[in-house]
Each structure stands twice: as structure tokens, then as C-alpha cells.
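Visitor: Sequences are here, hints too, so could you generate the full structure?
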Amino acid sequence: LRDFRRATETNLTDLNAKMSAVESKVSQMDETLHALLAMVEKLDFQRRATEARDRSLPSSSRPQPQVTSRLLESNPDEFQLGYRSGELNLANRDTMLKKIEMPLFT
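Letter by letter, the sequence shown follows residues 1 to 106 in the UniProt record's numbering.
No wet-lab data here; the hints were simulated from the structure.
It is possible that some hints are incorrect.
[To be verified] Each pair of labels, with its calculated beta carbon distance range:
| # | residue 1 | residue 2 | range |
| --- | --- | --- | --- |
| 1 | A7 | D30 | 32 to 38 Å |
| 2 | R55 | H34 | 30 to 36 Å |
| 3 | T50 | S20 | 28 to 34 Å |
| 4 | S27 | A52 | 36 to 42 Å |
| 5 | D14 | E51 | 52 to 58 Å |
| 6 | T10 | T32 | 29 to 35 Å |
| 7 | H34 | I100 | 52 to 58 Å |
Idealized CB from N, CA, C, for every residue including glycine.
Guide: Below, the structure written as C-alpha cells:
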């Protein structure tokens with residue numbers, strides 16, 4: 001009976017030690033998850049603030065990424081294969097646009 005009692009106490013001590021280790025790891029995971037949630041909330045707040053700021057700006061003051069035609073063309077020979085002058089590009093684009101009659105406001 002004494003041997004059984006010692007074995008049970010040893011097993012109980014081992015189980016308590018393992019349980020403490022598991023509780024420690026769970027608390028570390030909990031802290032990590034809270035830190036991740038805080039970062040996600042901060043990023044979401046920043047995204048919403050940026051969207052609100054962009055909506056409040058008039059469209060003309062928003063920076064638009066554009067490349068000027070001067071940088072694209074860089075003076076190629078007009079007879080070079082694939083070259084199209086800027087004037088031809090505008091002429092082609094104008095044929096795609098529809099004219100809409102608008103009433104005059106006085």
C-alpha cells in the first residue's frame with residue numbers, strides 16, 4: 001500500500017509540473033494573441049483614417065501617379081517599329097469618347 005501511495009504522489013507531482021508548464025505556455029500564447037489583436041486594430045484604425053482623409057480631399061488635390069508623355073517617348077525615330085506619336089494617341093482616344101449635350105446653366 002505504501003508503494004502505491006508513493007507512486008501516486010510521484011505521478012501527481014509530475015502531473016502538477018506538466019500542468020504548470022502548459023499553463024505557462026497558454027498564458028504566453030494569450031499575451032501574443034492580445035499583442036497581435038492590438039496591432040490589427042491599430043492597422044485597421046490607420047486604414048480607416050486614411051480612407052476618411054482621402055474622401056475629404058477633393059479629387060484634384062489627390063496625388064495621381066502619372067508618367068508624362070515626354071518620358072515615354074524620349075525622341076524616338078518616327079519610322080521606328082511600334083512608335084506612335086502623342087498626337088495619334090489623342091486622336092484615337094477622342095474617337096472613343098461620346099459627345100453629350102448638356103444644358104446651359106445661367
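Visitor: Are the hints correct? Go through all of them and say.
Guide: Evaluation of the provided hints:
{"no.": "1", "hint": "A7 - D30: 32 to 38 Å", "verdict": "holds (34 Å)"}
{"no.": "2", "hint": "R55 - H34: 30 to 36 Å", "verdict": "holds (32 Å)"}
{"no.": "3", "hint": "T50 - S20: 28 to 34 Å", "verdict": "violated (45 Å)"}
{"no.": "4", "hint": "S27 - A52: 36 to 42 Å", "verdict": "holds (37 Å)"}
{"no.": "5", "hint": "D14 - E51: 52 to 58 Å", "verdict": "holds (55 Å)"}
{"no.": "6", "hint": "T10 - T32: 29 to 35 Å", "verdict": "holds (34 Å)"}
{"no.": "7", "hint": "H34 - I100: 52 to 58 Å", "verdict": "holds (56 Å)"}
Hint 3 from the earlier list is the only one contradicted by this structure; the remaining hints agree with it.
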